[in-house]
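Protein chains in written order, with numbering that gives the first Met the number 0: chain Z, 0 to 576; chain C, 0 to 576.
Any given hint might turn out to be false.
You can't tell identical chains apart in this list, so a pair holds if it fits in one copy or across any two.
Here are the simulated DSS-like cross-link-like pairs (lysine-lysine), alpha carbons at most 27 Å apart as the crow flies [claimed, not checked]: (1) LYS383 with LYS545; (2) LYS54 with LYS1; (3) LYS484 with LYS53; (4) LYS545 with LYS126; (5) LYS418 with LYS550; (6) LYS250 with LYS375; (7) LYS4 with LYS174; (8) LYS496 with LYS568; (9) LYS496 with LYS360; (10) LYS375 with LYS1; (11) LYS336 with LYS250; (12) LYS174 with LYS1; (13) LYS576 with LYS394; (14) LYS1 with LYS489; (15) LYS4 with LYS54; (16) LYS174 with LYS484.
Hints in this document: simulated from the structure, not taken from any laboratory.
Number of protein chains: 2
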Amino acid sequence: MKLCKLVGDRFKERPSDCVIDSHALMVRGGYMKYVANGIFSSYTPLVRVTDKIKKIIREEMDAVDGQEVLFPVVMPAALWQESGRYESIGSEMARLTDRNDNRLVLGMTHEEAAVQLVREYGQTYAKYPFMIYQIQTKFRDEARPRGGLIRTREFTMKDAYSFHTSQSDLEEYYKRCYDAYNRIFARAGIPEVITVQSDSGIMGGKISHEYMLLTAVGEDTIAICPECGYRANMDAAESIIENVRDGMSEKIAEVKTPNLSTIEEVAEFLKVPLNKTCKAVIYQKNHNDEYVILFIRGDLEANETKLTNFLGCDIHPAVITEDSGITAGFVGPKDLKAKCITLFDKSLQNTFNMVCGANKKDYHLTGLDIDRDLDKVEYRDFAKIIVGGVCPNCKKHSITVSKGIEVGNIFQLGDKYTKTMNMTYLDSDGNTQYPIMGCYGIGVGRLAASVCEARHDDYGPIWPISIAPWEVHICGVRSDTPEVKEYAEKLYENLLKQNVEVVYDDRQISAGVMFSDADLIGAPIRVIVSPRNMKENIVEIAARDKSFALKTPLEDTEKTIIAKIAELKKAIADKVK
Amino acid sequence: MKLCKLVGDRFKERPSDCVIDSHALMVRGGYMKYVANGIFSSYTPLVRVTDKIKKIIREEMDAVDGQEVLFPVVMPAALWQESGRYESIGSEMARLTDRNDNRLVLGMTHEEAAVQLVREYGQTYAKYPFMIYQIQTKFRDEARPRGGLIRTREFTMKDAYSFHTSQSDLEEYYKRCYDAYNRIFARAGIPEVITVQSDSGIMGGKISHEYMLLTAVGEDTIAICPECGYRANMDAAESIIENVRDGMSEKIAEVKTPNLSTIEEVAEFLKVPLNKTCKAVIYQKNHNDEYVILFIRGDLEANETKLTNFLGCDIHPAVITEDSGITAGFVGPKDLKAKCITLFDKSLQNTFNMVCGANKKDYHLTGLDIDRDLDKVEYRDFAKIIVGGVCPNCKKHSITVSKGIEVGNIFQLGDKYTKTMNMTYLDSDGNTQYPIMGCYGIGVGRLAASVCEARHDDYGPIWPISIAPWEVHICGVRSDTPEVKEYAEKLYENLLKQNVEVVYDDRQISAGVMFSDADLIGAPIRVIVSPRNMKENIVEIAARDKSFALKTPLEDTEKTIIAKIAELKKAIADKVK
Numbered sequence: 000m001k002l003c004k005l006v007g008d009r010f011k012e013r014p015s016d017c018v019i020d021s022h023a024l025m026v027r028g029g030y031m032k033y034v035a036n037g038i039f040s041s042y043t044p045l046v047r048v049t050d051k052i053k054k055i056i057r058e059e060m061d062a063v064d065g066q067e068v069l070f071p072v073v074m075p076a077a078l079w080q081e082s083g084r085y086e087s088i089g090s091e092m093a094r095l096t097d098r099n100d101n102r103l104v105l106g107m108t109h110e111e112a113a114v115q116l117v118r119e120y121g122q123t124y125a126k127y128p129f130m131i132y133q134i135q136t137k138f139r140d141e142a143r144p145r146g147g148l149i150r151t152r153e154f155t156m157k158d159a160y161s162f163h164t165s166q167s168d169l170e171e172y173y174k175r176c177y178d179a180y181n182r183i184f185a186r187a188g189i190p191e192v193i194t195v196q197s198d199s200g201i202m203g204g205k206i207s208h209e210y211m212l213l214t215a216v217g218e219d220t221i222a223i224c225p226e227c228g229y230r231a232n233m234d235a236a237e238s239i240i241e242n243v244r245d246g247m248s249e250k251i252a253e254v255k256t257p258n259l260s261t262i263e264e265v266a267e268f269l270k271v272p273l274n275k276t277c278k279a280v281i282y283q284k285n286h287n288d289e290y291v292i293l294f295i296r297g298d299l300e301a302n303e304t305k306l307t308n309f310l311g312c313d314i315h316p317a318v319i320t321e322d323s324g325i326t327a328g329f330v331g332p333k334d335l336k337a338k339c340i341t342l343f344d345k346s347l348q349n350t351f352n353m354v355c356g357a358n359k360k361d362y363h364l365t366g367l368d369i370d371r372d373l374d375k376v377e378y379r380d381f382a383k384i385i386v387g388g389v390c391p392n393c394k395k396h397s398i399t400v401s402k403g404i405e406v407g408n409i410f411q412l413g414d415k416y417t418k419t420m421n422m423t424y425l426d427s428d429g430n431t432q433y434p435i436m437g438c439y440g441i442g443v444g445r446l447a448a449s450v451c452e453a454r455h456d457d458y459g460p461i462w463p464i465s466i467a468p469w470e471v472h473i474c475g476v477r478s479d480t481p482e483v484k485e486y487a488e489k490l491y492e493n494l495l496k497q498n499v500e501v502v503y504d505d506r507q508i509s510a511g512v513m514f515s516d517a518d519l520i521g522a523p524i525r526v527i528v529s530p531r532n533m534k535e536n537i538v539e540i541a542a543r544d545k546s547f548a549l550k551t552p553l554e555d556t557e558k559t560i561i562a563k564i565a566e567l568k569k570a571i572a573d574k575v576k
Numbered sequence: 000m001k002l003c004k005l006v007g008d009r010f011k012e013r014p015s016d017c018v019i020d021s022h023a024l025m026v027r028g029g030y031m032k033y034v035a036n037g038i039f040s041s042y043t044p045l046v047r048v049t050d051k052i053k054k055i056i057r058e059e060m061d062a063v064d065g066q067e068v069l070f071p072v073v074m075p076a077a078l079w080q081e082s083g084r085y086e087s088i089g090s091e092m093a094r095l096t097d098r099n100d101n102r103l104v105l106g107m108t109h110e111e112a113a114v115q116l117v118r119e120y121g122q123t124y125a126k127y128p129f130m131i132y133q134i135q136t137k138f139r140d141e142a143r144p145r146g147g148l149i150r151t152r153e154f155t156m157k158d159a160y161s162f163h164t165s166q167s168d169l170e171e172y173y174k175r176c177y178d179a180y181n182r183i184f185a186r187a188g189i190p191e192v193i194t195v196q197s198d199s200g201i202m203g204g205k206i207s208h209e210y211m212l213l214t215a216v217g218e219d220t221i222a223i224c225p226e227c228g229y230r231a232n233m234d235a236a237e238s239i240i241e242n243v244r245d246g247m248s249e250k251i252a253e254v255k256t257p258n259l260s261t262i263e264e265v266a267e268f269l270k271v272p273l274n275k276t277c278k279a280v281i282y283q284k285n286h287n288d289e290y291v292i293l294f295i296r297g298d299l300e301a302n303e304t305k306l307t308n309f310l311g312c313d314i315h316p317a318v319i320t321e322d323s324g325i326t327a328g329f330v331g332p333k334d335l336k337a338k339c340i341t342l343f344d345k346s347l348q349n350t351f352n353m354v355c356g357a358n359k360k361d362y363h364l365t366g367l368d369i370d371r372d373l374d375k376v377e378y379r380d381f382a383k384i385i386v387g388g389v390c391p392n393c394k395k396h397s398i399t400v401s402k403g404i405e406v407g408n409i410f411q412l413g414d415k416y417t418k419t420m421n422m423t424y425l426d427s428d429g430n431t432q433y434p435i436m437g438c439y440g441i442g443v444g445r446l447a448a449s450v451c452e453a454r455h456d457d458y459g460p461i462w463p464i465s466i467a468p469w470e471v472h473i474c475g476v477r478s479d480t481p482e483v484k485e486y487a488e489k490l491y492e493n494l495l496k497q498n499v500e501v502v503y504d505d506r507q508i509s510a511g512v513m514f515s516d517a518d519l520i521g522a523p524i525r526v527i528v529s530p531r532n533m534k535e536n537i538v539e540i541a542a543r544d545k546s547f548a549l550k551t552p553l554e555d556t557e558k559t560i561i562a563k564i565a566e567l568k569k570a571i572a573d574k575v576k
């Protein structure tokens, strides 16, 4: 490809609406263009990057016996009603009606379509196990699209669905996919991606993992134990708080706390540490506005995912009305009259001499001992794990917290979909059974952006050769010079003949602009043909990642370039387990 | 691939809902599954066929300097309001709103998105010409999906958009695409596809061509002149009727025609030929129900596409109300009092002594001479061309009519989109100009189905090797026989090593079922390994299209298969111009 023909503009200024580097560089480099909130068009360089990612994914999915299929983007609501998700999924699912007023949805995931496709095929045990996958456009009406391709509303996703006759068969296959995913990320040039235990969310099932690229700009929070290697998404990490009854339980007493409505203000006023307070966090259910009050130790934060999973519905921070019976700012577990669901976090177990709201304006209680003062209470884990907290695996106070981008996820779904959609098979004894499913997703565009986030400098992406839009970038500096033009063009033609993916810049522009553009295109190998180099009978060959820069005699140029391509490819292959 | 692992059911019975063969065979062969009206999922064999078609298309588009991009499926209504098509396109465009009540549409074509993507890039003449294309899912809410993949609501399409600074540059490029399309169809195995002049419909522009596969099950009608090679879609073919004033014009007179309300009945009653009658065809505009009355010679039919293009809006057959002033069954051009748009087809030019309605119940007129009896009338072409009609090119009475499937189309769009969406560039003199566009579409699934329609027998598709899901199908008959099993497996492995695409059937089933399945999968080369063949030290190698069937000594099997593959590929390549 001649660069002068490449459709798309490249420019220097960071667009003001780009919060993260990969987004800014992919806009500046002519990879993508904004169409609407969370919706983009892709130019050729991005299509080339994502095509290579798709090829890697296909190879790895085929290697674990996957069969590529294609489900529809637009599906009848009836299909989603079978599983119950037409009702249970909220506004992130786009809904429409057709010309005959039939209700349709846009696919945001395809468990229902997968079951529909194989429901008849999978009627006898002999057909199992099998896995089908697709690479297809999805639409999820995200409330807050962000970070360019990191969180969009429309995206291309590889989603795979496996079907099994036993949990152990699923687990065995799950392990194969787990490894295949690690290979995919290593082949895409980010072997540092880690797996974490995750929350299964709307997918159902119990065991699931996310693949995380750790980066400060990530929107997921991950709890990591450096002692034992435990890693979990904050949403899934168990919070362990061990309170000890190391003193006397005092009498309960009312204290005046005028205008002190946050737990921090009250603790300071009463000179008690935050972990001797019991705070109320108040939500409402989305569908009926019912109040949900969570009591939790004052130094901890509520984990809304854990709450949502327990309640089985979406929630939002409460708007407290006068007739609710809730005394905003002074809510406590004792003598709470409000009509609401009351929950207790495990961090309150074994606490005593606690400060809490008195359910009376401008008053708090001291000396609360929940087990003494309240009827039998059930404690559950609704808290966010904290830095320095107890590792759920090795039990040391060793938890650290990092930010990450989720680049893939895998789920053991169980029989949630086969049961609700009545997919059955006859086992070898002639009994009717529900198959067990696994599902496995990777967002193609998000992976491209994640690689860019992990591999870039101020000047542009530093693409790993496995997914770079082009392998080699020839800069024909002062290509109006006949020697430069002749040599550069010949080199370009010869490399093309040898199936090297090469972009050739023969524009009559300054070397500075030429190099800036090459930085934005991010090909791993740059070749500089210039009047000065021609005089010395050499060309310069340099790595975009600065790992090498050399001058090679003209007669060795092609040989050297091809050897360097092989070297870079080998370096990536060496990191694939 | 081992056939026993292939997800999808194959069966013998023709599904009752399948009207055309390709649909029936693709359902029976496990290629596709119904999800909703006009919406299907694809199994692996179809994914493999369409992948090969996509690869052919990509190669040909790249060869005419196309750059692959990707537009969104879901687009903001605002983009389509810019071109005016948000309003002008009817219910075939699916509309929805997002969680913030923003209006969105599902892409059914992407002219607007193409202009949006390059509006800034194409600001100076030096960037031109350029062409961008995508292969993407589209949704068109068809009123009558039919024929399986022939007319669906959701489909995968390659759509390309070229941008030019002059009509002559567009025409030159259009010719290159025209040829590239012929190569695509020849490479996909249907070189018999012909081009016809077409109507541009909702796309705008003047010159356009359709690529037609002639077949009785096609839904398009094509006018062909065998004398001069003229070919046009019925919707676009000019109807030429040459009336001669070869007699005296009689006086106009009223005749009683009780209860005779069709022109055929009246002609029979009055003993005049149909071409001496003037019939009224009555429509209403879709958006305001205004009446449109077309007068046309009684032996001809109205072409609704020509009417729609002239009126600039959609129409439907009229429902005639009492207060309309229209005397249903007795409508004529003289003394017509109804409030309506009145149009005259060219077939009425130079007519005299015509029979027409008297605008009075149970009466017709004889002796109508429009030029004498009416105020100045404008005649335009609103008629369907007829078999034996005048060829618009060579003027002979030579027109024949065929049915066809439209497998591709190309349009010279002009500046319709660049003008409405204000895309401009500075020409070499510094003047602001609107670029001129072309667009070029191929439906990938429809092309697959069309090839199946053109290349099949009662037992299954006969895929051309260029797009077959697999090249070779090994039938291991009685593979419980050790010699068969050993040889067939070794052959399978060896062919895979040589990158032959091979499917291997080692199921313990009857040869009959095995061969039926092979027919449905339609691989061009079948290899039969059986106990009897093993005894004779041979295998049978046969073409799915019956062009060869031979027995080869065991030691020559691989060599022979590979030679046959090369032969079949060469036969296709030989038909590509």
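Original post:
At most 27 Å between C-alpha atoms: does LYS496 with LYS360 qualify within a copy, between copies, both, or neither?
Top reply: neither (82 Å within a copy, 80 Å between copies)
**OP:** Could you figure out if LYS545 and LYS126 sit no more than 27 Å apart (CA to CA) within one copy, between two copies, both or neither?
**Re:** So LYS545 and LYS126 fail the 27 Å test inside a copy (52 Å) and across (33 Å) alike.
**OP:** Could you place LYS383 and LYS545 in one of the four classes (within, between, both, neither) given a Cα distance threshold of 27 Å?
**Re:** neither (42 Å within a copy, 69 Å between copies)
**OP:** Go through the copies and call it for LYS54 and LYS1: within, between, both or neither, with a Cα cutoff of 27 Å.
**Re:** Close inside one copy (24 Å) and across copies (22 Å); limit 27 Å.
**OP:** Pop the pair LYS484 and LYS53 into one bin, within, between, both or neither, using alpha-carbon distances up to 27 Å.
**Re:** Close neither inside one copy (36 Å) nor across copies (35 Å); limit 27 Å.
Original post:
Is it within, between, both, or neither for LYS174 and LYS1, if the alpha carbons may be no more than 27 Å apart?
Top reply: between (45 Å within a copy, 23 Å between copies)
**OP:** Evaluate LYS418 and LYS550 at a C-alpha cut-off of 27 Å and name the case that applies: within, between, both or neither.
**Re:** neither (66 Å within a copy, 51 Å between copies)
**OP:** Could you figure out if LYS4 and LYS174 sit no more than 27 Å apart (CA to CA) within one copy, between two copies, both or neither?
**Re:** between (46 Å within a copy, 20 Å between copies)
Original post:
When no copy is named, should LYS496 and LYS568 be tagged within, between, both, or neither for a Cα gap of at most 27 Å?
Top reply: Intra 19 Å, inter 23 Å, cutoff 27 Å: intra and inter.
**OP:** Up to 27 Å between alpha-carbons, please classify LYS576 paired with LYS394: within, between, both or neither.
**Re:** neither (30 Å within a copy, 73 Å between copies)
Original post:
Checking LYS375 and LYS1: alpha-carbon separation at most 27 Å within a copy, between copies, both or neither?
Top reply: For LYS375 and LYS1, the Cα distance exceeds 27 Å both inside one copy (75 Å) and across copies (61 Å).
Subject >> Alpha-carbon proximity between LYS250 and LYS375, which holds within one copy, between copies, both or neither at 27 Å >> reply: within (19 Å within a copy, 108 Å between copies)
In the structure shown, a violation is registered for the earlier hints numbered 1, 3, 4, 5, 9, 10, 13, 16, in ascending order.
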